[in-house]
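Peer 1: These protein sequence lines map, in sequence, to chains A and B.
In terms of my numbering, the first sequence opens at residue 406 and continues consecutively.
In terms of my numbering, the second sequence opens at residue 988 and continues consecutively.
Do not take every clue at face value.
Stated by the list, open to error - No more than 30 Å apart at the CA atoms, straight line, and that leaves these computed lysine-lysine pairs for DSBU-like:
#1 B:K1084 / A:K500
#2 A:K500 / B:K1328
#3 B:K1485 / B:K1202
#4 B:K1233 / B:K1152
#5 B:K1154 / B:K1210
#6 B:K1235 / B:K1202
#7 B:K1428 / B:K1485
#8 B:K1084 / B:K1152
#9 B:K1067 / A:K500
Just so you know, these hints were derived from the structure itself, not from any lab.
Here's the letter readout for the chains.
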Amino acid sequence: MSRRFTPKVITANALLEGDVVWQTADDRWTRDIREAELIEDEAHADIRLLDASAQRNVVVGVYLADAKAGAEGPEPVHFREAFRTRGPSNYAHGKQVEV
Amino acid sequence: MYKYNDFDEAFVRERVEQFRGQVARRIDGSLTEDEFRPLRLMNGLYLQLHAYMLRVAIPYGTLNPSQMRQLAYIAERWDKGYGHFTTRQNIQYNWPKLEDVPDILSALADVEMHAIQTSGNTIRNVTADHFAGAAADEIEDPRPVAELLRQWSTDHPEFQFLPRKFKIAVTGSPNDRAVTRAHDIGLRMVRNDAGEPGFEVIVGGGLGRTPMVGKVIRGFLPKADLLPYVEAVVSVWNLLGRRDNKYKARIKITVHEHGLEEIQRLVEDRFAELRPAFGGVDQDLLTQIEAQFAQPHYVAKSTAAFDAARAANPAFRSWSDTNLAQHRTDGYAIVTVSIKKHGATPGDATADQMRVMADLAETYGHGELRISHEQNVILPHVHKSDLPAVYQALRAADLATANVGLISDIIACPGMDYCALATARSIPVAQEIATRFDELKLEHEVGPLKIKISGCINACGHHHVGHIGILGLDRAGVENYQITLGGDGTEDMVVGDKTGPGFAYDEITGAVERIVLAYLEVRTSAEETFLQAYRRVGIGPFKAALYEQGEEADAA
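Let's have the full structure, built from the sequences with the hints guiding it.
Peer 2: Written out as structure tokens, the structure is:
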């Protein structure tokens, strides 16, 4: 039996700024994970990952990251992904002050 | 200091322009990321967790004031106003934009600096003793040799696609401050029976997931044989080194798998072939380089102002007790500027602080600055009578923390706050430990103690050779910190012993505190350092302090 698929978001870094981005349901790249498309179906995830990876002059290092549904939209599951939504913990730099 | 010749200047400028073209082609889509990645890595540009990161080489850790000012300018113009000094004597900018990087490299070239071979499977920035040219215990200044190695290794056609990265460190002193035994090649200057200077060549040291103490492959190598011998070592490894598995590709594994004797035999054979090809041009070049590292013009004057300030000002006295080292010249001192203010990020300096240090080097320090692998900045030649003024200026710039060599002088890698490879954070752990011991007002009583923190197994934070080493891991989706004790990064390098199960993020500072309190309990006197006490009593009392106390607390 295959493992149950856990919900995912598609994420990457923007080519020009290196900033963390997520893919939205309407094919944009957003700086805010809450606007990302939460993918609950594995087959759909595969197709969306292909779509995202094809945009190789916009983003770098596309991958699927575990996420869960929150009140305002998708939320990260792993602490690494949580840091990616905020920025570093030693300075108020990055998304925690920019988004 | 070394001054670029026309060749260096043209080479670095050409590389900047090549990279400008490569960035443009990446942005317009003519290069894919797979094609571009090795090109950007050759120029020190990484893509990290939140942004690009540019790693700039500070060859053998030496800077002049105008270079330091340019680093400050770059930090303000293209980054967020600060830079991070690393354990390999580099500076990293954490927030450059891709389009700006060619301009940054061009600004670096304006002051004879670059980011070439700070990444990728090449020979990396050659590091050296940060007290080079000033230390009282030195045989010879190792920097001319380090510069010769820099020139030889830069764009060396045979060594651009090595099995893995390759790191060389050089020291001119018997007391090893450059961690030479943890490098792919470590060079320690020694004298032979005739009193001539040469090198003890150490090979196959390293930290990372398989820490190894480097082994002596040649007890005495005449200086004139250095380049052909080093070339022989790298060349033998280039053929033998495993390209099938990146975790087994470093020379430490090659030496381990083939045995030192076999590697020695192959290296000596290769050396015999290569030696005749080095017809002396390298030695002519070395002579020219050596002339550029002449000692500064020291002055003889009274040190009464220093003695008076020590008597009058306890804070200055405390700072001069911890942050000064003995200079080879009477009346002078080596100043270590702590970039480890309690609670601040280890190794981070603001642009303003960089300019203050540049000004001090210019006014009082014969125009020299060094970056240490311990992430501090050194003013290697300061007359003692100028120290009160230097101290006041450092204080005004928030740079006068009196903690060099103490608990809060922590090495920490960027960890998961910046690094894409990290498995846990290291900076906030360092911040919290330093803050805790500052609150306890214990660190001066505790004395010399090196804490080193890495945020992943690759060990950029040198945790294996920390007296207390901390390794941050991801255990089932939670940050977990493993402790090692008794590590030592000197000429007697020792890899620390694991204490046992790791500690959670909110437990690690308490765990370190228990270790330190256990040391204060077991030491025979204030003269017995942490490392000496650990070697005498072993891991037992520290394990008890770490784990048994916890069980009692659970049972209560």
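Peer 1: Could you run down the list of hints and mark each one as holding or not?
Peer 2: Going through the hints against the structure:
The suggested pairing of K1084 (chain B) with K500 (chain A) holds, with an alpha-carbon distance near 15 Å, which does not exceed 30 Å. Distance hint between K500 (chain A) and K1328 (chain B) is fulfilled; the C-alpha atoms sit about 26 Å from each other, no more than 30 Å. Taking the CA atoms of K1485 (chain B) and K1202 (chain B), the gap is near 23 Å; set against the 30 Å cutoff, the hint holds. Of the supplied pair hints, the one linking K1233 (chain B) and K1152 (chain B) holds, its CA atoms being roughly 10 Å apart against a limit of 30 Å.
The straight-line distance between the Cα atoms of K1154 (chain B) and K1210 (chain B) is roughly 19 Å, inside the 30 Å bound, and the hint therefore holds. For a cut-off of 30 Å, the pair hint linking K1235 (chain B) to K1202 (chain B) stands: about 18 Å separates their Cα positions. Simply put, K1428 (chain B) and K1485 (chain B) have alpha-carbon atoms about 28 Å apart, close enough for the 30 Å limit, and the pair holds. Between K1084 (chain B) and K1152 (chain B) the CA atoms are separated by roughly 25 Å; this keeps the pair inside 30 Å, and the hint holds.
A C-alpha spacing of about 14 Å is found between K1067 (chain B) and K500 (chain A), which places the hinted pair at or below 30 Å, so the restraint holds.
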